[in-house]
Amino acid sequence: MSSEDTARQVRSSAFVVSARKRKLQKISKMAGESTLLLIASFVAVVVLFIFFFVARDAVPFFQIRGFSEFFTSTNWYPADDPPGFGSLAIIYGSLMVTVGSALIAIPMGITAAICLSDVLPFSVRQYVKPIIEMLAAIPSVAFGFFALVILAPLLQNFGGPILMWTWWLIVSPFLLLAIIVVSELLTANIASEKKRKILHATSLGVFGLIALALLFFVGRKLQGIEILTGTNALNVSIILSFMALPTIVSVSEDALQAVGRELREGSYALGATRAETIVKTILPAASSGILAAVILGIMRSLGETMVVWMASGNSSHIPDPWFNYLESVRTLTATIAGDMGEADQVTGSARFHVLFAMGLLLLVISFVSNFISERIIVRQRKVLSGQ
Amino acid sequence: MNLGTRKLLDRAFTALGLGSIAVMAMMLLVVLVPIVSKGFSAIVFKSTVEHRKMVFNEFHRGNRSALEKEIAASDAARRNVYDMLSRFESELMLMNEDKQQEYTEKYDQVKSALRGLLGPLPGDSEPALTRLTYGQNRWEKAEEKLQELLYEKKWDYSNPDVVAKEYFVSRSAGFEGTSLARLFPYVEKNIDRMLLPEWTFYWGFITDSSVDSHIFGGIWPEIQGTLFLAIGAMLFAFPLGVIAAIYFTEYAREGFFNSLLRSANSTLAGVPSIVFGLFGLAFFINTLKVSESKSVLAGSLTLAIMILPTIIRAAEEAILAVPKTYREASLGLGSTKWNTIVTVILPAALPGILTGGVISLGRAAGETAPIIFTAAVSVGSAIGLADVFTSPTPALSWNIYNLASEHEAAAEIRHVQYGMVLSLISIVLLLNLSAVILRARISKKLKG
Amino acid sequence: MQSSPEVVETSQNASKSVREIYLPPERKKVSGGGVPHVSAKNFSVYYGEFEAVKKVNADILSKYVTAIIGPSGCGKSTFLRAINRMNDLIPNSHTTGSLMFDGEDVHGKFTDEVLLRKKIGMVFQKPNPFPKSIFDNIAYGPRLHGIKDKKTLEGIVEKSLRKAALWDEVCDRLDKNALGMSGGQQQRLCFARTLAVEPEILLLDEPTSALDPKATAKIEDLIQELRGSYTIMIVTHNMQQASRVSDFTMFFYEGVLVEHAPTAQLFTKPKDSMTEDYITGRFS
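Chains as they are written, first to last, in my numbering: chain A, 1 to 387; chain B, 1 to 448; chain C, 1 to 284.
Here chain A stands alone, though its shape is the one from the complex:
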């Protein structure tokens, strides 16, 4: 063997190792990866544990009291003898504030997201984003404090005028737009220019008068309303909507951004205005992502505790009439938070377990909606990437 060969032997052993060592390497790599996997699966274990332990303490309630009372009765007298655990009014209260907040947050959130993604120039966006981030960062108890100490007395003392001004401010621009568009559409097909102009003016006038009458009439009605308590479903809905807004805005904005520039350019090139491009092209393409955003936002309202506990009034009855947002309500989260203090000395009683039943209900709802929104997002990503 020449010296060069030996040299090569020595050198080559530099990267080829024995079977044993290779095996050891493989085993240690596997062990490392499994450790990481184990830690990563901790999240899944926690989710399972949450379901298990909340359900474990919820099941005794249904064993003791059955299902029907919980879901159908409105008799919530947990401390009485005999107690009543009818939670229908409480579930309804949760539903009511969630719907109320959604009604405010969804239109605002989507329009704000559109504004951020398609209207505002980048330099302005930089200043708007922190506003949204700050709204998201403010602790819920601070919002609750605001609702209880500032907003509630305002509503109680100046409820009528506040409602009236809100009505005027929000509705009048929309009515104005509607009048212009409707008059335009009504007279669009009239051939004679002169006749068309006259009709157009009349229709503007007629509809304008009707609108003014409506504004005044409803405004007067609203002004006459006396809000008996400031801690009511309206107060909570307003605050919750602002807590849900950051989620809706940021997730919707992501969905809108995911719609490519090609689509926008295609629409603009056909002579569409920005609004038409957005409404007819971009929103449909991003609709599922926006839907997911809305679901996530709604879940924030439903799961919020402190604001509703502090400012909803906590009275477990279904308002009369059922859509009366000016009455106090009680929600699932607030009931859990508020009643545990009285219940946990008597661990094992139905009063303790009913709170876990409510927790389980919330958990199941959040799980299902999360699942749905995640599916939606995944599907949209697939559609947009053309698979």
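No lab work stands behind these hints: they were computed from the structure.
Glycine included, every Cβ here is placed at the ideal spot set by N, Cα and C.
A couple of the hints might just be wrong.
Stated by the list, open to error - In silico lysine to any residue, SDA-like type, Cα no more than 25 Å apart, as pairs: (1) C/Lys163 - C/Asp149; (2) B/Lys7 - A/Gly205; (3) A/Lys129 - B/Ala12; (4) A/Lys21 - C/Gly108; (5) B/Lys7 - A/Leu176; (6) C/Lys109 - A/Gly32; (7) B/Lys141 - B/Ala76.
Unchecked claim - Heads up, incomplete: computed chain C residues facing chain A, CB under 10 Å, no partners named: (8) Glu104; (9) Gly108; (10) Arg117; (11) Lys118; (12) Trp167; (13) Val170.
Starting from the known structure of chain A, arrange chains B and C on it as the hints suggest.
Relative to the frame of chain A, chains B and C by itself:
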């Protein structure tokens, strides 16, 4: 539609979006401005001599001789009041029974109003509650109390159709013809000589513990509790979250199990916060028994689970943002995968990971619902570091709720509540701000 | 298409004797070089089902510079990356045939890719210094391989920087962040970083494509400096560069090694018509 209308609709559409953003910005202002302005009034306010007395007695701060001089001056002004009281009492003795009864009731109201304003009257027995040993600490409160002394609030029920209206009756008129009638103008005129108002910067609001459940004193126990809980949660969640993120980004292969883990993560992110509280109670306290009852440890663990998904997501994003070329370069030099992660990828992803961590820290500090059943108590002193495994703690978020909704004198201590809200918001927003600065500074450093 | 055998004069018994190599007069022979350092036999690389490199047979001769040219997507980068197993990073990639380095199979069962990469260094398309100081960048490799002593490290850093012709420019700011340097300096730093682990082979994956002409010239000079000390393989888009820096050139087309010949020969008298079409710019 003609072009004009289409353009109008387009503008309206833009206006709608801008309007929404404007409303959000306004809401932020509407929430923050009163909280900030009134919150500062917990620290900077016009204090009375009673406040300085309280600080000296309860916290042993202040200049004894100066305080004694002040007390002497205010006592000199008050002596007239007390003299008038005793003169009226002797007058009262001489009245007939009917008149005596009529005046005694009114007189008792006057006395209790005076106690609220100036503290215990001469001859009163030592009060049991600390809140009764001092007169009004804050000048603006003293002015309110002065009005209560001067005017009696009455309700008008004459019209049964509308809610009763309040109206005020001057008390001095009720004592017309007696020696006490002179008391009211005297107090009104000399109130500042009796209370000696003075602008104060009460930094003790942050560092003192509370006296007589937040009637006096500061909020240090709450601030400390909040910090303990949030930092404790971080200690558990941060390492776990970063390691999980490393797994998801560097090791996980596409597949059923992996997507299951990801679903679990987003499920966890969507769980309502109060349910975390229930879980903490049922699991950490009732099952694992990490502590006898509520404790900082149980609360931290519960909060840790709550912020875990946020940390994982932030860390994942940060790791994914590290250029692929760093990995190649390191592996090309003969580094192992793990070594590459530790020495190259994690340092490069550090700004993002830390930002996520700091923001989660803020979230943990601000949350209330998870700690209601696991860690928070309404009243308590600051706990030592050794007690975190066994003791519950007061915390800002919980005590804001408690003072605003359940305190027996909630309306009297609005300034404390505002101060607490301001402190909590400051902690959270400062953490967020420092996250932004941190990110900027570290990424600048990394860029050279 | 069959891969054409390499066009080196004496192809048999290559390991026993230094070959006769056709070199233009301005390029000196390298003493002790010319041994097959890396040899591929029917070597293929697959991405899933797709065969990115097709049954390549070639010997890369030690201490000389071999350029790999070909249109984009022809598999030249894949071939280069397979030599130090960087293709492992791409999921679902596997190889068939054999690729021997110093007589051992690079893709063999018992190959430790970490040790292999220590022997076969790589410089990438874009300068990719770590976001650390210049010193730490170069000391990264030696530290990985167990050198802790400060003095030794300092020595290695200086030596590597000198080899990469960077020492004079950066010797007074070794503790500065490497990302603060110019692109050309960064790339030379990457050379120095690779040299610091004392590899035998340098794989250069289009090392100048992100650089300006001046920086490119410096890198080319550097390659000339290193020629003779290391076996160098350079993937390049730029045919002028290939003809300037390399002793041998491999032309890949659609995964197939079409021609492998001394550079001077390949660029003047290509044997394959496809090679001729490519180097004369009829397709790219």
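Cross-check of the supplied hints:
no.	hint	verdict
1	C/Lys163 - C/Asp149	holds, 21 Å
2	B/Lys7 - A/Gly205	holds, 22 Å
3	A/Lys129 - B/Ala12	holds, 22 Å
4	A/Lys21 - C/Gly108	holds, 14 Å
5	B/Lys7 - A/Leu176	holds, 15 Å
6	C/Lys109 - A/Gly32	holds, 21 Å
7	B/Lys141 - B/Ala76	holds, 22 Å
8	Glu104	holds, 4 Å
9	Gly108	holds, 7 Å
10	Arg117	holds, 8 Å
11	Lys118	holds, 7 Å
12	Trp167	violated, 28 Å
13	Val170	violated, 31 Å
Checked against the numbered hints above, the structure violates hints 12 and 13; every other hint is satisfied.
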